[in-house]
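S.K.: Each chain is listed here by its residues.
There are 2 protein chains.
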Amino acid sequence: MAAITLIGSGNAATALGRALHKAGHQIVQVWSRSEAHAAQLAKELNAAPTADLQNINGNADIYILSVKDDAIEATAKALPVSGKILAHTSGIKSKDLLHSSGRYGIFYPFVSMTRDAETDFHTALLMVEGNNEETLKTLAALAQTISDRVRQVEERDRQSLHLAAVFANNFTNYLYTVSEQLLAESGLSFDELRPLIAAHVQRVMEQSPGQLQTGPAIRRDHSTIDVHLDLLSKHQNLKELYSLLTSSIQDIYPTT
Amino acid sequence: MAAITLIGSGNAATALGRALHKAGHQIVQVWSRSEAHAAQLAKELNAAPTADLQNINGNADIYILSVKDDAIEATAKALPVSGKILAHTSGIKSKDLLHSSGRYGIFYPFVSMTRDAETDFHTALLMVEGNNEETLKTLAALAQTISDRVRQVEERDRQSLHLAAVFANNFTNYLYTVSEQLLAESGLSFDELRPLIAAHVQRVMEQSPGQLQTGPAIRRDHSTIDVHLDLLSKHQNLKELYSLLTSSIQDIYPTT
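Residue numbers (my numbering), protein chains in the order written: chain A, 88 to 343; chain B, 88 to 343.
Rather than coming from a laboratory, the hints here were simulated on the basis of the structure.
It is possible that part of the hints are untrue.
No distinction is drawn between identical chains; accordingly, a pair holds when it is met within one copy or between any pair of copies.
Unchecked claim - Pairs of lysine-lysine residues, derived as BS3-like cross-links and limited to a Cα-Cα distance of at most 30 Å, are as follows:
1) Lys130 x Lys109
2) Lys109 x Lys171
3) Lys326 x Lys130
4) Lys171 x Lys130
5) Lys326 x Lys155
6) Lys155 x Lys321
7) Lys224 x Lys155
8) Lys155 x Lys109
9) Lys326 x Lys109
10) Lys171 x Lys326
Please model the complete structure; the sequences and the hints are all you need to start from.
M.R.: Written out as structure tokens, the structure reads:
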């Protein structure tokens, strides 16, 4: 079992802290910019809270940084510890932002983390990197205590997964928001769409989405597309988006 | 109970035919361009099959046209019946395509219909229109035998629902396909994303998507956006799509 200090108290730090604590590791300290947040999470994890990076002690083996991407490097440099392993949990940033420590790496769970509900790490891909063999092994061993799917993933592939998740979750959510707005403009509720969304996503869980494309774009149903563009005439940006998505679909499904 | 003839044998005709048959209506004839398809569906519904529109008889009260949008008008004109109600099941086309009959309307269930599984019409919005009061009442009464949520919906609103569904299902499916392709290029599987998609859509079932937006666009995380655009450098069209979706998200969530 390892001694771990958590730098951060957001969704990732909270979810990871709970999973590591539950797996039997000792959480030594919890840092947050907010004293209240540090105290709350530290209490839950039987750890000591602090809102001052200068108060971070050297009693942990591994320091997990779950702070905003742009704060990783400065936070790492401000930690008054040496000879310890630092790891950050970003899907996009290089481990080399932690080079101020001699031993550093990545600890990136590919799962939606929230402090509101328990996160299941066991079935989640947990990506690790290390700046040397020993650090990689230590982080992988830690990862294996909470996930059955630990994998060493190179930076470029980790970034590709992150990018794919932006298309699959963030951008799709925006399209749901567009639907909600279009329905509201007709006095209709997004509730009308929820059963259709659920039914379609159920199919995506079992089949390749590339095999599930339907709609006027792939059918080259130009008269329907014209009606849709006309309905969007007051929304120039949505009209542009509709056209780009339609032509993109037609590009990958050539007419037969 | 009504006597109904189905013009078409695709997903909509099959799902509707089964539901109407189950509700106790008589299915008189089933027409399909394909004799085999007509025979198969007619057998299931205890109806007479035909592949020739000229063989359609006047023994039904209501003729439901579930053919391709562009075939609705010509198919209606070719029907050798008079004084009967015609209704089509398109989400986008005007009922007036059926004007060759004196009594016509819309019978549009807002649900994903497939011949592979039973479709639950009871909880689905079923939109009706009629060219006069009596026709509207007849179609609404028929609709109420299979759906608890029958509503008279004007053409423009029906089209808006159809458009919203294109954003929420067809376009999101394309984004899943993009994710799948990006992962494949890194030797990774779409399986890695499925749990994240399921978790997010579960939240969309319960909350407004407008409240669930996350990701680099809304966070104005420009360094992550730059990494993503760089990863897409070989895909000019995806780069354009990424940029448009990102700026669209930023437009509806102004910086605070």
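S.K.: So, for every hint listed, does it hold in this structure?
M.R.: So, going through the hints one by one against the coordinates:
1. Lys130 x Lys109: Classified as within: same-chain Cα gap 14 Å, cross-chain 59 Å, threshold 30 Å.
2. Lys109 x Lys171: Classified as within: same-chain Cα gap 23 Å, cross-chain 70 Å, threshold 30 Å.
3. Lys326 x Lys130: Intra 51 Å, inter 45 Å, cutoff 30 Å: neither.
4. Lys171 x Lys130: within (24 Å within a copy, 74 Å between copies)
5. Lys326 x Lys155: between (34 Å within a copy, 24 Å between copies)
6. Lys155 x Lys321: between (38 Å within a copy, 28 Å between copies)
7. Lys224 x Lys155: within (26 Å within a copy, 60 Å between copies)
8. Lys155 x Lys109: Result: close within a single copy only, 25 Å intra versus 57 Å inter.
9. Lys326 x Lys109: neither (50 Å within a copy, 42 Å between copies)
10. Lys171 x Lys326: neither (53 Å within a copy, 40 Å between copies)
This entry does not satisfy hints 3, 9, 10, going by the numbered hints stated previously.
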